[in-house]
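These are the residues of each chain, in order.
2 protein chains.
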Amino acid sequence: MVLVKAMARIVMKFGGTSVANLERIHNVARHVKREVDAGHEVAVVVSAMSGKTNELVDWVQNAAKVAGANTASFFDAREYDAVVASGEQVTSGLLAITLQSMGINARSWQGWQIPIRTDNAHGAARILEIDGSDIIHRMGEGQVAVVAGFQGIGPDNRIATLGRGGSDTSAVAIAAAVKADRCDIYTDVDGVYTTDPRIEPKARRMKKIAFEEMLEMASLGAKVLQVRSVELAMVHKVRTFVRSSFEDPDAPGMGDLINPPGTLICDEDEIVEQEVVTGIAYAKDEAQISLRRVADRPGVSAAIFGPLAEAHINVDMIVQNISEDGSRTDMTFTVPSGDVAKAIKLLEDNKAQIGFDVAQNETGLAKVSVIGIGMRSHAGVAASAFKALAEKNINIKAITTSEIKISILIDGAYAELAVRTLHSAYGLDKS
Amino acid sequence: MVLVKAMARIVMKFGGTSVANLERIHNVARHVKREVDAGHEVAVVVSAMSGKTNELVDWVQNAAKVAGANTASFFDAREYDAVVASGEQVTSGLLAITLQSMGINARSWQGWQIPIRTDNAHGAARILEIDGSDIIHRMGEGQVAVVAGFQGIGPDNRIATLGRGGSDTSAVAIAAAVKADRCDIYTDVDGVYTTDPRIEPKARRMKKIAFEEMLEMASLGAKVLQVRSVELAMVHKVRTFVRSSFEDPDAPGMGDLINPPGTLICDEDEIVEQEVVTGIAYAKDEAQISLRRVADRPGVSAAIFGPLAEAHINVDMIVQNISEDGSRTDMTFTVPSGDVAKAIKLLEDNKAQIGFDVAQNETGLAKVSVIGIGMRSHAGVAASAFKALAEKNINIKAITTSEIKISILIDGAYAELAVRTLHSAYGLDKS
Numbered sequence: 001m002v003l004v005k006a007m008a009r010i011v012m013k014f015g016g017t018s019v020a021n022l023e024r025i026h027n028v029a030r031h032v033k034r035e036v037d038a039g040h041e042v043a044v045v046v047s048a049m050s051g052k053t054n055e056l057v058d059w060v061q062n063a064a065k066v067a068g069a070n071t072a073s074f075f076d077a078r079e080y081d082a083v084v085a086s087g088e089q090v091t092s093g094l095l096a097i098t099l100q101s102m103g104i105n106a107r108s109w110q111g112w113q114i115p116i117r118t119d120n121a122h123g124a125a126r127i128l129e130i131d132g133s134d135i136i137h138r139m140g141e142g143q144v145a146v147v148a149g150f151q152g153i154g155p156d157n158r159i160a161t162l163g164r165g166g167s168d169t170s171a172v173a174i175a176a177a178v179k180a181d182r183c184d185i186y187t188d189v190d191g192v193y194t195t196d197p198r199i200e201p202k203a204r205r206m207k208k209i210a211f212e213e214m215l216e217m218a219s220l221g222a223k224v225l226q227v228r229s230v231e232l233a234m235v236h237k238v239r240t241f242v243r244s245s246f247e248d249p250d251a252p253g254m255g256d257l258i259n260p261p262g263t264l265i266c267d268e269d270e271i272v273e274q275e276v277v278t279g280i281a282y283a284k285d286e287a288q289i290s291l292r293r294v295a296d297r298p299g300v301s302a303a304i305f306g307p308l309a310e311a312h313i314n315v316d317m318i319v320q321n322i323s324e325d326g327s328r329t330d331m332t333f334t335v336p337s338g339d340v341a342k343a344i345k346l347l348e349d350n351k352a353q354i355g356f357d358v359a360q361n362e363t364g365l366a367k368v369s370v371i372g373i374g375m376r377s378h379a380g381v382a383a384s385a386f387k388a389l390a391e392k393n394i395n396i397k398a399i400t401t402s403e404i405k406i407s408i409l410i411d412g413a414y415a416e417l418a419v420r421t422l423h424s425a426y427g428l429d430k431s
Numbered sequence: 432m433v434l435v436k437a438m439a440r441i442v443m444k445f446g447g448t449s450v451a452n453l454e455r456i457h458n459v460a461r462h463v464k465r466e467v468d469a470g471h472e473v474a475v476v477v478s479a480m481s482g483k484t485n486e487l488v489d490w491v492q493n494a495a496k497v498a499g500a501n502t503a504s505f506f507d508a509r510e511y512d513a514v515v516a517s518g519e520q521v522t523s524g525l526l527a528i529t530l531q532s533m534g535i536n537a538r539s540w541q542g543w544q545i546p547i548r549t550d551n552a553h554g555a556a557r558i559l560e561i562d563g564s565d566i567i568h569r570m571g572e573g574q575v576a577v578v579a580g581f582q583g584i585g586p587d588n589r590i591a592t593l594g595r596g597g598s599d600t601s602a603v604a605i606a607a608a609v610k611a612d613r614c615d616i617y618t619d620v621d622g623v624y625t626t627d628p629r630i631e632p633k634a635r636r637m638k639k640i641a642f643e644e645m646l647e648m649a650s651l652g653a654k655v656l657q658v659r660s661v662e663l664a665m666v667h668k669v670r671t672f673v674r675s676s677f678e679d680p681d682a683p684g685m686g687d688l689i690n691p692p693g694t695l696i697c698d699e700d701e702i703v704e705q706e707v708v709t710g711i712a713y714a715k716d717e718a719q720i721s722l723r724r725v726a727d728r729p730g731v732s733a734a735i736f737g738p739l740a741e742a743h744i745n746v747d748m749i750v751q752n753i754s755e756d757g758s759r760t761d762m763t764f765t766v767p768s769g770d771v772a773k774a775i776k777l778l779e780d781n782k783a784q785i786g787f788d789v790a791q792n793e794t795g796l797a798k799v800s801v802i803g804i805g806m807r808s809h810a811g812v813a814a815s816a817f818k819a820l821a822e823k824n825i826n827i828k829a830i831t832t833s834e835i836k837i838s839i840l841i842d843g844a845y846a847e848l849a850v851r852t853l854h855s856a857y858g859l860d861k862s
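Residue numbers (my numbering), protein chains in the order written: chain W, 1 to 431; chain L, 432 to 862.
Hint data in this document are derived by calculation from the structure and do not stem from the laboratory.
Don't take every hint at face value.
[Claimed, not checked] Here's a subset of chain W near chain L, in silico, CB distances under 7 Å, partners left out: (1) LEU22; (2) ALA67; (3) GLU79; (4) SER108.
Remember, it's a predicted structure, so these values are computed and weren't measured experimentally.
Cβ coordinates follow ideal geometry from the N, Cα and C atoms, glycine included.
Build the full structure now, drawing on both the sequences and the hints.
So this is what it looks like as structure tokens:
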């Protein structure tokens with residue numbers, strides 16, 4: 001009998017809670033050792049110890065205050081990056097030392113050493129290019145590459161960070177650059193669920209979810225992955241696993257190359273038995289603004305939403321009713337509750353230019369979304385949702401739909417009930 | 432009347448206690464602002480916040496322990512450097528932000544950005560070369576260069592640190608590279624004193640001290656500056672001021688270009704009225720080892736001191752008496768008290784090879800040193816010391832002399848008395 005050992009190249013990413021102290025870093029090293037011992041080539045991407053980034057951000061924000069600056073939040077994003085990126089620098093070195101002490105060949109890599117080249121948008125930079133040649137070469141020699149997440153180097157030769165949660169994006173980008181077989185995102189949950197298990201205990205962990213679905217889940221508040229990392233994984237077709245860092249690294253099945261415990265985010269082609277609906281997401285603290293009797297003419301949308309965008313107010317769910325007489329219409333949209341006052345003031349300031357009678361608003365709403373690639377080819381998905389909510393006497397305030405998502409705006413008090421109702425209506429609580 | 436404004440290029444260095452928190456960093460920024468407002472070009476070198484380096488070093492040392500490594504102190508010096516250098520990275524960014532918020536053009540520079548090129552001796556690297564062109568250019572445009580101290584980049588393209596206290600060396604090296612007119616070392620004392628003021632309240636702050644004298648003071652335990660920084664200042668003739676960071680930055684005289692408060696370490700030519708003796712230094716916890724009836728033949732010193740050097744035992748004050756009959760001699764030397772047992776064991780292990788009758792030792796001793804460039808050209812300096820100590824009934828156990836230093840080994844109980852006695856004997860307590 002000949003045993004053929006399957007070799008793979010794996011990128012493993014560990015977030016802040018997974019590297020919060022030396023004991024947890026040791027636990028991370030045991031996960032890495034398992035994959036190395038199995039003969040795989042491994043790159044590890046680490047975040048800062050949990051709490052560390054917040055501490056550094058606080059220092060940056062307060063440095064100017066202490067000096068008596070007028071604007072409390074003033075700071076140079078390039079200096080912010082130099083300060084905040086130090087957190088990942090520390091964990092990358094500590095993990096390399098821990099791995100070495102366990103007999104594993106390893107070294108740390110800072111963003112500027114690889115290099116991970118970014119644009120100049122310090123504080124929220126985008127990765128432009130990663131030169132994977134050095135770490136591919138080292139991995140080929142059996143050395144684990146321990147990469148500081150969240151950071152790269154800008155065209156100005158200065159450290160650039162990728163925005164909060166950026167280590168997910170680092171990991172997926174590195175996986176794409178080194179042509180990894182898999183990118184494992186280790187986190188404090190053990191996968192992606194059909195809905196939030198804190199609301200619906202019957203929520204099930206999915207085995208697989210398509211990139212597009214995950215993108216909708218992530219952008220709707222399922223905070224497992226940074227949205228940008230999912231986009232990147234989708235573009236480069238990086239098979240990405242979401243799995244737990246807190247399980248025993250040597251438990252049975254943890255080293256399974258094909259089906260490790262967790263949720264695989266992958267191309268829809270890989271998902272053989274496609275469900276019509278795969279998950280229910282929700283976002284609370286939404287607010288609705290309705291402009292009554294808006295002039296129905298070209299350019300009116302730009303007049304409304306331009307100033308809001310400039311003020312960085314995140315507008316969602318835009319509903320425009322067809323006007324009765326063709327001259328006036330009602331325009332409804334949602335914004336985060338915290339931005340309502342600012343938004344109303346902006347609209348009133350531009351009232352003459354926009355042309356509307358009155359701006360009404362309602363806070364304390366929730367958006368519940370039904371997500372599934374399968375609904376592309378199935379009719380009646382929306383109707384099922386409306387029927388299920390109606391049976392529970394939940395009033396629908398607005399509806400928007402996309403190819404793979406139906407979003408429904410309701411009174412926030414019914415958010416949990418609506419999530420459970422829809423979760424059950426689409427049979428997601430049955431394994 | 433025409434006022435000519437004197438412009439200068441100044442390097443300012445602030446240690447860990449001076450940047451311990453945001454308030455102190457603001458205070459540092461006020462010192463910098465004073466020099467910028469006076470029209471000077473300024474580079475600032477900063478240490479990590481006090482306590483921070485120790486925390487990082489502890490993590491490095493414990494990372495391997497937590498993973499169950501056999502040797503607790505095992506770690507890769509390159510990873511140590513990546514972790515520990517992060518402390519200076521943080522303060523450099525925070526000071527740049529603080530300066531900016533006070534309206535001062537400033538940016539941070541990491542060692543690898545300048546670059547400060549070092550050798551490959553990670554953890555205790557030596558600076559090989561600094562490319563000062565970028566920061567000279569920026570300073571010329573009115574931008575303050577905030578440089579992370581303690582760090583450079585090795586030939587392996589990895590962060591290399593300079594050893595504890597290395598930020599002093601960074602500052603002097605940068606001052607040499609940018610041809611600064613002055614290098615100001617701001618610290619928690621306000622200058623270099625004729626002796627330790629905690630022992631002799633009449634100790635006076637010196638206005639000037641020659642490089643050679645400071646080198647002896649520093650190596651004898653006056654812990655104001657890292658010894659290596661003084662060597663570097665001497666080689667490159669960098670006029671170096673030791674001054675306090677805790678004085679009011681805007682107090683009268685603080686911005687004096689020629690005579691700011693503090694002690695100037697400079698070439699002896701700059702010191703017009705040279706004192707015969709400029710300072711009294713001391714080191715406690717010394718131990719003496721005497722080898723009796725050592726074979727008086729070529730190579731015996733190497734046989735004794737070779738193994739001690741290999742074991743990193745710092746041997747000082749070596750005294751060899753001329754033998755009576757030309758065949759046997761007594762050899763006496765000092766080591767730190769903590770190393771006595773190890774040293775005796777090494778000597779006994781090599782007894783046959785060295786050839787001696789018995790190894791005696793005495794702990795709890797102190798070395799008191801009289802330092803002064805002037806003693807080169809003055810006879811009787813040593814005799815005065817012996818006379819003064821004899822009058823106080825302080826027994827001298829050993830004596831060594833160099834061109835500018837007399838060191839005397841005594842019982843540790845008399846250390847303070849000896850320091851005060853010598854300080855007075857050479858008239859150092861008279862202003």
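Cross-check of the supplied hints:
Annotation: W/LEU22 was flagged as interfacial toward chain L, and the flag holds, the nearest CB pair being 4 Å apart, inside 7 Å. Proximity of W/ALA67 to chain L holds as hinted, the smallest CB-CB distance being about 5 Å (cut-off 7 Å). The interface hint given for W/GLU79 holds, since its Cβ lies 4 Å from the closest Cβ of chain L, which is under the 7 Å cut-off. Look at W/SER108: its Cβ gets to within about 5 Å of chain L, closer than 7 Å, so that hint holds up.
In the structure shown, no violation is registered for any of the earlier numbered hints.
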